[in-house]
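4 protein chains.
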Amino acid sequence: LFALMYVSRRIDSKYKTDYYNRVMAFYRYVVEKDLSLSLAQTDMKGNRSLRPSEQEDPDMYVHIVKRDKNGIYVSGAKAHTTQSIASNEIVVIPTRNMTEADKDYAVAFAVPANTKGITMIARPLKETETTMDDSLSVIGRENIEVETITIFDNVFIPMERVFLNGEYDFAGLLAMMFPTFHRFTAISYRAAMADFLIGTGKLLASYNGVDDKSNIRRNLAVLISYKETLKATAIASSYSCTYDKQASLAIPDIIFTNVGKLFANENYTDVVKNIVDIAGGLVATMPSYEDFENSNEKTYLMKYLAGRKKEETMERVRLFQTLREFISSLGSLYLAGMIHAEGSIEASTMELCRSYDYSSSIDLAKFASGINDELEK
Amino acid sequence: LFALMYVSRRIDSKYKTDYYNRVMAFYRYVVEKDLSLSLAQTDMKGNRSLRPSEQEDPDMYVHIVKRDKNGIYVSGAKAHTTQSIASNEIVVIPTRNMTEADKDYAVAFAVPANTKGITMIARPLKETETTMDDSLSVIGRENIEVETITIFDNVFIPMERVFLNGEYDFAGLLAMMFPTFHRFTAISYRAAMADFLIGTGKLLASYNGVDDKSNIRRNLAVLISYKETLKATAIASSYSCTYDKQASLAIPDIIFTNVGKLFANENYTDVVKNIVDIAGGLVATMPSYEDFENSNEKTYLMKYLAGRKKEETMERVRLFQTLREFISSLGSLYLAGMIHAEGSIEASTMELCRSYDYSSSIDLAKFASGINDELEK
Amino acid sequence: LFALMYVSRRIDSKYKTDYYNRVMAFYRYVVEKDLSLSLAQTDMKGNRSLRPSEQEDPDMYVHIVKRDKNGIYVSGAKAHTTQSIASNEIVVIPTRNMTEADKDYAVAFAVPANTKGITMIARPLKETETTMDDSLSVIGRENIEVETITIFDNVFIPMERVFLNGEYDFAGLLAMMFPTFHRFTAISYRAAMADFLIGTGKLLASYNGVDDKSNIRRNLAVLISYKETLKATAIASSYSCTYDKQASLAIPDIIFTNVGKLFANENYTDVVKNIVDIAGGLVATMPSYEDFENSNEKTYLMKYLAGRKKEETMERVRLFQTLREFISSLGSLYLAGMIHAEGSIEASTMELCRSYDYSSSIDLAKFASGINDELEK
Amino acid sequence: LFALMYVSRRIDSKYKTDYYNRVMAFYRYVVEKDLSLSLAQTDMKGNRSLRPSEQEDPDMYVHIVKRDKNGIYVSGAKAHTTQSIASNEIVVIPTRNMTEADKDYAVAFAVPANTKGITMIARPLKETETTMDDSLSVIGRENIEVETITIFDNVFIPMERVFLNGEYDFAGLLAMMFPTFHRFTAISYRAAMADFLIGTGKLLASYNGVDDKSNIRRNLAVLISYKETLKATAIASSYSCTYDKQASLAIPDIIFTNVGKLFANENYTDVVKNIVDIAGGLVATMPSYEDFENSNEKTYLMKYLAGRKKEETMERVRLFQTLREFISSLGSLYLAGMIHAEGSIEASTMELCRSYDYSSSIDLAKFASGINDELEK
Ligand SMILES: Cc1cc2nc3c(=O)[nH]c(=O)nc-3n(C[C@H](O)[C@H](O)[C@H](O)COP(=O)(O)OP(=O)(O)OC[C@H]3O[C@@H](n4cnc5c(N)ncnc54)[C@H](O)[C@@H]3O)c2cc1C
Ligand SMILES: Cc1cc2nc3c(=O)[nH]c(=O)nc-3n(C[C@H](O)[C@H](O)[C@H](O)COP(=O)(O)OP(=O)(O)OC[C@H]3O[C@@H](n4cnc5c(N)ncnc54)[C@H](O)[C@@H]3O)c2cc1C
Ligand SMILES: Cc1cc2nc3c(=O)[nH]c(=O)nc-3n(C[C@H](O)[C@H](O)[C@H](O)COP(=O)(O)OP(=O)(O)OC[C@H]3O[C@@H](n4cnc5c(N)ncnc54)[C@H](O)[C@@H]3O)c2cc1C
Ligand SMILES: Cc1cc2nc3c(=O)[nH]c(=O)nc-3n(C[C@H](O)[C@H](O)[C@H](O)COP(=O)(O)OP(=O)(O)OC[C@H]3O[C@@H](n4cnc5c(N)ncnc54)[C@H](O)[C@@H]3O)c2cc1C
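Residue numbers (the UniProt record's numbering), protein chains in the order written: chain C, 1 to 377; chain H, 1 to 377; chain V, 1 to 377; chain E, 1 to 377.
Be a bit skeptical, because a hint or two may be false.
The list cannot tell twin chains apart, which means a pair is met if one copy fits it or any two copies do.
[What the hints assert, rightly or not] In silico BS3-like links for lysine-lysine, alpha-carbon gap of 30 Å or less:
| no. | residue 1 | residue 2 |
| --- | --- | --- |
| 1 | K310 | K14 |
| 2 | K213 | K309 |
| 3 | K69 | K16 |
| 4 | K33 | K213 |
| 5 | K66 | K310 |
| 6 | K213 | K14 |
| 7 | K298 | K45 |
| 8 | K303 | K45 |
| 9 | K33 | K14 |
Everything labelled a hint here was simulated from the structure, so no lab data went into it. These numbers were taken from a predicted model, which means no experiment stands behind them.
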């Protein structure tokens with residue numbers, strides 16, 4: 001909601017609107033009632049090379065279909081909204097910048113999840129269920145977030161919950177600011193995931209008796225660097241935050257935030273490669289829980305699945321099984337999440353290049369090449 | 001079996017043994033009866049920094065426990081043997097080079113899969129089953145290979161099926177030659193997989209209306225390059241094969257084979273990254289088959305899951321579902337397979353650096369730096 | 001010239017022109033007189049986001065300024081033409097595909113290098129000279145190719161040397177076919193360069209006593225893979241060539257050629273990283289030839305620059321010096337050459353994605369996802 | 001010197017020595033007299049797979065050859081000492097950890113650069129000179145740091161300047177702490193370099209009219225990410241510093257520092273690739289200063305070297321020339337510096353893996369896989 005506070009101030013000051021107060025009222029309401037929120041930003045988008053208003057089916061992006069003095073009516077659908085099933089309120093904001101033609105698509109609001117006209121269709125749980133059945137692993141049981149397609153069929157939104165209503169020139173700013181705040185939470189979640197992998201990698205290599213080999217150290221260094229680089233950009237981003245007077249908010253540094261996000265997106269598959277390299281083939285072929293229930297098979301398995309020391313066998317087995325779930329059952333979820341969450345690589349690259357302030361770099365280049373005799377600063 | 005033919009000739013000529021004839025007899029037998037084989041090379045290995053004979057539990061590598069005039073008795077276990085459940089005969093060879101102390105571990109033989117004393121424990125089928133249930137995808141249903149841990153408990157092998165029996169100085173050559181031949185088959189399997197991904201990527205991007213964007217082209221170029229580089233190394237490897245007179249065999253070029261294998265190992269996660277990048281978040285959140293059975297939900301889904309054109313919606317849905325299975329349910333299998341099959345990256349790097357003939361490179365370096373005045377050739 | 005033969009046949013058959021005979025006549029002339037050629041394809045290009053005919057200055061691409069019955073008059077300039085100074089004839093072809101508006105830019109011809117109106121300005125020789133002075137290294141002395149900017153100021157080209165004269169629809173094909181043939185030569189030159197680096201890397205690591213360390217093997221494997229992958233794509237490309245009946249020519253496979261070229265472009269800096277990693281800091285700080293002339297300093301240097309064995313010291317010194325020249329003095333030349341020669345990465349990616357035949361991949365994807373029940377082939 | 005303060009406290013407290021006071025006295029002396037220091041840590045090392053005391057020539061690492069009550073006598077040589085020629089005092093510390101056998105190699109001290117018995121041999125200046133001659137570029141003229149081989153031939157060091165004298169168990173800590181502090185300075189120098197490249201890349205792409213193309217944005221994002229990731233790790237490292245009571249010093253966080261350093265080492269060639277990709281072939285073939293002095297050639301050059309706008313031509317030329325010097329003349333220096341300075345990649349990877357505290361990661365892995373029921377913290 002910080003992004004809404006930040007942007008609403010700016011809209012109000014340009015258009016003499018009253019969004020900031022609406023946002024603050026909603027914010028207080030959420031805090032008081034201890035409500036959970038989900039954020040629906042990403043639209044279905046149809047043909048990605050057309051703008052919202054150019055789509056064959058106008059509902060490909062959520063938009064205003066009718067306005068009356070009490071509120072607005074919206075239709076369309078948002079893709080992959082995390083946790084919407086479990087939350088009380090859905091916050092809807094635009095997914096991208098808009099032009100004048102896309103005016104009706106420049107819309108932001110909050111709405112209770114159980115409002116009439118809202119339908120949610122969840123991603124398949126099969127995979128998660130597979131994991132849940134397995135009594136050995138905790139990871140699947142504890143981490144069940146479910147994404148939905150969230151469909152709006154002529155849903156009424158009362159005026160006091162409308163936070164953007166056609167001011168298309170602010171859609172882009174709002175679309176950009178939301179993830180900026182959001183990425184902080186993302187960092188801690190990702191760091192935890194990396195921690196799981198670092199620990200698993202270190203243990204599996206130790207069980208194999210090879211954790212101090214040069215090649216394994218290279219693998220571990222990739223896992224460690226992934227986590228610590230994310231943490232570093234998060235720290236740098238808060239440390240270099242700017243204070244926004246209008247909204248009384250500290251804004252995390254956009255460049256550090258984006259650099260960290262892009263690093264996370266681009267390097268996650270490298271992390272996967274390195275943990276699989278450490279683990280070896282058993283990450284695919286480790287027998288499952290049931291095989292350990294047959295006592296004859298169990299004896300063989302406990303004998304042959306030993307690594308360095310017999311006593312560690314069961315730990316080794318569980319780590320392999322859990323890593324398999326992580327990579328397999330939860331695989332597409334984590335891969336898509338790490339590569340796409342909060343915007344695809346291309347979108348983030350574009351944003352980074354646009355928001356970067358090149359002036360001091362250009363000064364230095366001109367100075368170094370003798371074009372300018374002095375550095376401006 | 002070509003590797004056995006090749007190596008047995010060499011052992012025979014050094015030790016006056018009769019392995020080549022045994023191998024050829026077995027080969028004729030297999031061809032006549034049209035038997036299927038599986039190859040058990042990779043041992044359990046326990047502590048990876050100890051040699052076979054140094055392990056706490058001597059059974060960590062398959063080895064000879066007794067010899068009599070009719071044959072040998074072997075114990076130990078082989079990890080991840082592909083297709084052993086479905087095959088008639090198991091061919092066992094050493095997983096690495098051996099020293100004199102590892103003499104009893106220098107053993108190769110063939111044995112019917114249903115021989116007394118052999119137990120096989122399969123990798124979990126849960127994942128594959130998940131896929132099989134899904135009536136939309138073919139990929140899971142058709143590709144069910146199952147790896148097993150194959151345990152030998154004092155199994156008798158009659159002499160005519162024993163192909164290596166303590167000649168430890170040939171264990172390494174055999175261990176290396178087997179995969180060299182094996183990798184040919186691997187190439188075609190991998191190229192098919194890459195083809196599936198190229199087609200899926202091209203179609204998904206087309207449905208999204210973005211298949212000619214610069215960033216998508218970069219993604220597709222990675223997929224195409226993966227496949228075509230593998231194919232190129234395979235072609236170069238047969239083209240540059242050497243003919244072995246002793247065994248009357250064409251031996252694929254070891255360097256090209258290994259370079260192709262390493263390329264496949266090192267770059268597979270990059271392929272995954274690029275296909276996920278093309279696909280977007282729906283690869284994780286696309287609803288599954290059942291959601292399309294409820295007619296109300298189906299109407300919404302068919303409307304909102306459209307890309308460029310309405311008529312393509314169902315194709316788009318199926319491709320996303322199949323790609324999810326590929327990445328998720330079959331994920332750890334493919335990842336481990338692509339990164340480890342036929343030897344880990346470290347093992348292959350070692351092999352490449354050892355088998356490379358540096359002489360002409362060294363000549364050139366010495367000439368270029370003025371150490372030698374002339375190039376030898 | 002093969003590209004010209006190939007394309008001229010096609011133009012002739014569409015436009016009833018007589019280019020093929022002109023090309024063949026020129027070809028015979030070159031062979032008879034044993035003339036050397038240079039190829040001028042890349043134009044100056046000015047603003048890269050505008051087409052040739054849209055440029056502020058029309059001379060940014062070489063074009064026809066006047067036509068009479070004896071020939072054409074051309075103006076404009078070609079950038080970085082290799083070896084033009086030393087060659088007898090310059091062959092000029094278009095740098096890209098053209099539209100009708102660019103008609104006058106669709107021009108190809110051959111012209112003697114000393115024709116009136118042609119001016120050549122060479123790239124700076126300072127760097128090469130630096131190397132030439134150093135009596136220890138051969139690499140710089142022997143490899144002096146010089147690129148020029150080649151300027152055409154209203155140069156007359158007699159009709160029998162004109163090979164494209166406004167047939168804009170063939171400019172793209174010609175622009176693409178030329179490098180396809182050219183890249184064969186490029187492969188062998190690049191493989192030689194890689195050989196120099198492999199030999200240097202292997203020797204330097206041996207002198208340091210570390211050539212069998214895991215990390216050094218990884219470095220060497222990168223160098224070896226670079227060379228052997230290039231070679232593999234070259235072999236595959238000739239092996240899969242298609243025979244063109246119209247021009248009686250074997251055409252190398254375009255996909256393998258491009259995949260090899262892109263691999264070379266994308267991975268060259270990785271090669272540099274690995275050789276510098278092997279070499280260590282002395283690649284920058286190794287004293288130069290003159291320091292070895294002062295006998296006092298020489299004694300110290302010979303003592304302290306020893307690696308594994310005293311006798312190898314001078315070899316070690318020379319290899320370091322030569323590698324420094326290679327990376328430094330010749331650095332921008334090799335870097336730009338390896339990354340850009342025969343087309344930038346973006347241009348090659350575009351070409352690869354366009355010329356790739358996706359049909360069998362799409363078939364497979366549709367079959368695997370249950371869209372089609374059968375594979376077409 | 002902070003590292004010496006930090007370590008000397010620890011030695012004193014174990015061995016009841018008086019090093020801390022010596023260090024502080026030297027520190028005050030340096031500050032008072034405003035002396036410049038250079039740091040000589042890296043030894044010549046000879047055979048890299050042997051320890052210091054195992055070398056054929058004992059002088060391959062600087063060591064104590066004699067001790068008397070007034071001081072010590074040292075021999076040996078240090079490689080690539082930056083700025084030693086221009087500095088007043090040389091600080092010498094061990095390059096690695098030492099065992100008891102290497103006792104005499106566990107030595108640290110400070111000594112005036114002009115002391116009898118010290119000889120310095122500089123790296124070749126040819127390249128730098130090349131650049132200096134070119135009146136257009138500032139970069140070469142202003143950045144002349146010179147590395148030397150610094151030879152010690154039985155040099156006397158008075159006791160009050162000796163900071164380690166055989167306490168071999170502290171050699172490793174000292175060797176590690178020095179670069180930890182040093183890397184802060186390194187960060188700012190590297191960030192400046194990255195700034196030059198960002199500015200140059202942005203300008204060159206603008207002159208070409210392509211700075212907003214997708215592929216160029218990818219290139220720029222690599223340059224920006226390089227700089228900002230370095231900055232982020234530096235910020236995180238100071239932010240997470242620990243305060244050392246013994247020496248009254250803030251110690252930068254070792255993990256963030258090392259992660260930043262490794263990132264810089266591993267990715268520098270990628271930066272080079274991206275700037276060369278942006279620049280195009282002119283980075284190699286841009287004519288030099290002298291060609292612009294001939295008025296005839298100048299007219300042509302000014303016409304044809306224009307990009308988007310005529311007025312920018314001279315700026316474009318200068319940027320290209322400067323970038324060429326940067327990549328070529330200064331090339332091996334920057335490459336070796338970025339890849340090796342303050343320790344090779346292998347050494348840093350080892351250090352990172354050793355100093356990392358795995359406990360919380362291991363906790364999490366055990367919890368997630370059901371081995372432990374609870375998280376320790
Ligand atoms: C696990 C998970 C959780 C998520 N949680 C949330 C959430 O809580 N709330 C929320 O709002 N969103 C959420 N998202 C959505 C996420 O932000 C999107 O996945 C991301 O923005 C990419 O959008 P997309 O999936 O529609 O992919 P697409 O936009 O379809 O992208 C697919 C590919 O096409 C390319 N592309 C698309 N358009 C263009 C174009 N015009 N030009 C060039 N290339 C183009 C992209 O770069 C990408 O490579 C979640 C996603 C995941 C995977
Ligand atoms: C899908 C699949 C199918 C397979 N099919 C077959 C088959 O049909 N027949 C068959 O025989 N095998 C098969 N394999 C096995 C395959 O060859 C092995 O997975 C591979 O050789 C790696 O061995 P590992 O799994 O035991 O891993 P490990 O050897 O345990 O390796 C794990 C990690 O430790 C490292 N490591 C291990 N030892 C050392 C050491 N001493 N020094 C430094 N680093 C070390 C490795 O480099 C790797 O990074 C299959 C594997 C898979 C995944
Ligand atoms: C050592 C060397 C030898 C050579 N020898 C020859 C030779 O003998 N004959 C010959 O004809 N040529 C030769 N070349 C030229 C070579 O083919 C070109 O360098 C190459 O095609 C790139 O063109 P450019 O240098 O003009 O770079 P540019 O085209 O300016 O490219 C610079 C950057 O801008 C990007 N870019 C340019 N236009 C666009 C656009 N419209 N959209 C998006 N991005 C764009 C490129 O992708 C690249 O990243 C040689 C080059 C070198 C370095
Ligand atoms: C521009 C520049 C400035 C510098 N400034 C200073 C300075 O001011 N003061 C200072 O003290 N130093 C300085 N250095 C030195 C720098 O710290 C070293 O270059 C670095 O530590 C690597 O050492 P080396 O150059 O001897 O390479 P080497 O140690 O010879 O390394 C070469 C290769 O061999 C590998 N290798 C070496 N030993 C082993 C082993 N036992 N096992 C496995 N692999 C091994 C390395 O990983 C590397 O890949 C500078 C270096 C440069 C390039």
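Going through the hints against the structure:
1. In this assembly of identical chains, K310 and K14 lie within 30 Å of each other by CA distance neither inside one copy nor across copies; the values are 71 Å within and 40 Å between.
2. In this assembly of identical chains, K213 and K309 lie within 30 Å of each other by CA distance both inside one copy and across copies; the values are 18 Å within and 28 Å between.
3. For the homomeric pair K69 and K16, the shortest alpha-carbon distance inside one copy (18 Å) is at most 30 Å, but the shortest distance between copies (73 Å) is not.
4. Neither within a single protomer nor between protomers do K33 and K213 lie at most 30 Å apart by alpha-carbon distance, with minima of 54 Å and 47 Å respectively.
5. In this homomeric assembly, K66 and K310 come within 30 Å of each other (Cα to Cα) only across copies, at 25 Å, whereas the closest approach inside a single copy is 70 Å.
6. Taking the closest pair of Cα atoms, K213 and K14 never come within 30 Å of each other, the shortest separation being 62 Å inside a single copy and 32 Å across copies.
7. Within a single copy, K298 and K45 get their C-alpha atoms only as close as 52 Å, which misses the 30 Å cut-off; across copies the closest is 18 Å, which meets it.
8. In the homo-oligomer, the alpha carbons of K303 and K45 lie at most 30 Å apart only across protomers (12 Å), although the nearest pairing inside one protomer, at 54 Å, exceeds that limit.
9. Taking the shortest Cα distances, K33 and K14 never come within 30 Å of each other, neither inside one copy (32 Å) nor across copies (60 Å).
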